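Visitor: Whole structure, please, built from the sequences with the hints as guidance.
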Amino acid sequence: MLKKDLIELSLLYVLSNEDLYGYEILRRIRESFPGTQESGIYALLRGLCREGCTEQYEGETSDGPKRKYYRITEAGNRKRENLLEEWRRLRDALAALGIE
Amino acid sequence: MDQQTYLKKLSCALHWRLPGPEAEDVLSDYQEIFSQRPAEADDRIIRDLGEPLQAARLLTEPDRYRRWLAAFGWMSFCLALPEFLLLRARFYGYPAGMMFLLLAAGTAAALMWFGIHRREREIRPLPKGLCPMLAGLLVVLAAAALILAGLAAEIWKELPPALYGIAAYWTMSLAGTAAAVLGFFGLVKARISDRRWRALYITGLTVLAECVLVTAALVSMDLDAASSGWWVSYAGIMGGIGFIGLAGAGVSLC
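Note that the protein sequences, when read in sequence, are chains L and F.
Positions -3 to 96 (the numbering used here) are the ones given, in order, by the first sequence.
Positions 320 to 573 (the numbering used here) are the ones given, in order, by the second sequence.
Everything labelled a hint here was simulated from the structure, so no lab data went into it.
Quantities reported herein were computed from a predicted structural model and do not represent experimental measurements.
We put the beta carbon where it would ideally sit given N, CA and C, even for glycine.
Be careful, since some hints might not be right.
Stated by the list, open to error - Quick partial rundown of chain L residues pointing at chain F, CB under 7 Å, derived from the structure:
| id | residue |
| --- | --- |
| 1 | Y9 |
| 2 | S12 |
| 3 | G18 |
| 4 | E34 |
| 5 | G36 |
| 6 | A71 |
Guide: This is the structure in structure tokens:
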């Protein structure tokens, strides 16, 4: 499992809790992966959109222009479960070797 | 780097690597991101977002980008080959067929590529700078034709007749090279700015083809050239090339 997969898992996970707009997604993910540039995170988010795992819609805001919001789709939920499963397997494998 | 400079560089990189509508979509996302970033974060743009070129590279789909590079390579080749022939000025037979073929291939590629990938319905004003450049290209052609006519009529008495050939060669070479450079510029602008810049590419290709044909006629050992109507067949071919080029450029502006 690569760092790219971990970021994708994180993107799908935060979107499974609530719909978010672009900058907020980048800000949250970057807090967890400070060494990763926002353009890289944005490229992964866009890749998920292209795969049909997330979709965009224009949302209203009370104090400004319309924003593009992202939400997770059914395909996204399935991908999140698969990535999560893979992550757990890896974590268990490492734990079995004594790596915590 | 401030936000405006970053967006300008990003726009160029995105339009070069992605199809037009997708590049616009990404650009609007970045504008939205910038609108929510604190202004004092300007000095951290590169650190947070990465270089514009790198950001565009991350978004590039390799297959689609390779297809564009292949099309770009082909259209550039259609300019490069006549330019090479023009500068070398050595021909094996009159290259009318080859020029027709290259002009048709370059024009068709430019019309199909930019037409298919960037179809737009609304009427917009022509891009700034396109009309002056098209006019400049036609002026270059007209000036070259006038110089050649002057040489043929021997109106420059101060120029020794021994230099007429060299003067004609340099006139055609400079006019053709200017056309090739402007044509290439039009091709790049058609990709990164507005598809109608392809009119400059097609006009440049046409002027270059005309220069090659004139040079080939001048260096040929055509024994019929001594007769009075020797130029009629050449004029017919050049007229045909000019008609195809102007028609292609006209369609490109639509």
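Visitor: With a cut-off of 7 Å on the beta carbons, see whether G18 (chain L) makes it to chain F.
Guide: The hint holds - G18 (chain L) has a Cβ within 7 Å of chain F, the shortest such distance being about 6 Å.
Visitor: Could you check if S12 (chain L) really has its C-beta closer than 7 Å to a C-beta on chain F?
Guide: This hint is violated: S12 (chain L) lies away from chain F, its Cβ roughly 21 Å from the closest one there, beyond 7 Å.
Visitor: Holds or violated: is there a CB of chain F closer than 7 Å to the CB of Y9 (chain L)?
Guide: violated, 21 Å
Visitor: If you take the shortest Cβ to Cβ gap from G36 (chain L) to chain F, is it below 7 Å?
Guide: holds, 6 Å
Visitor: With chain F as the partner, please determine if A71 (chain L) meets the hint condition of a C-beta pair closer than 7 Å.
Guide: Constraint on A71 (chain L) not satisfied, violated at 19 Å.
Visitor: Given a cut of 7 Å on the nearest C-beta pair, is the interface hint for E34 (chain L) held or broken against chain F?
Guide: holds, 5 Å
Violated hints, in rising order: 1, 2, 6; the structure is consistent with all others.
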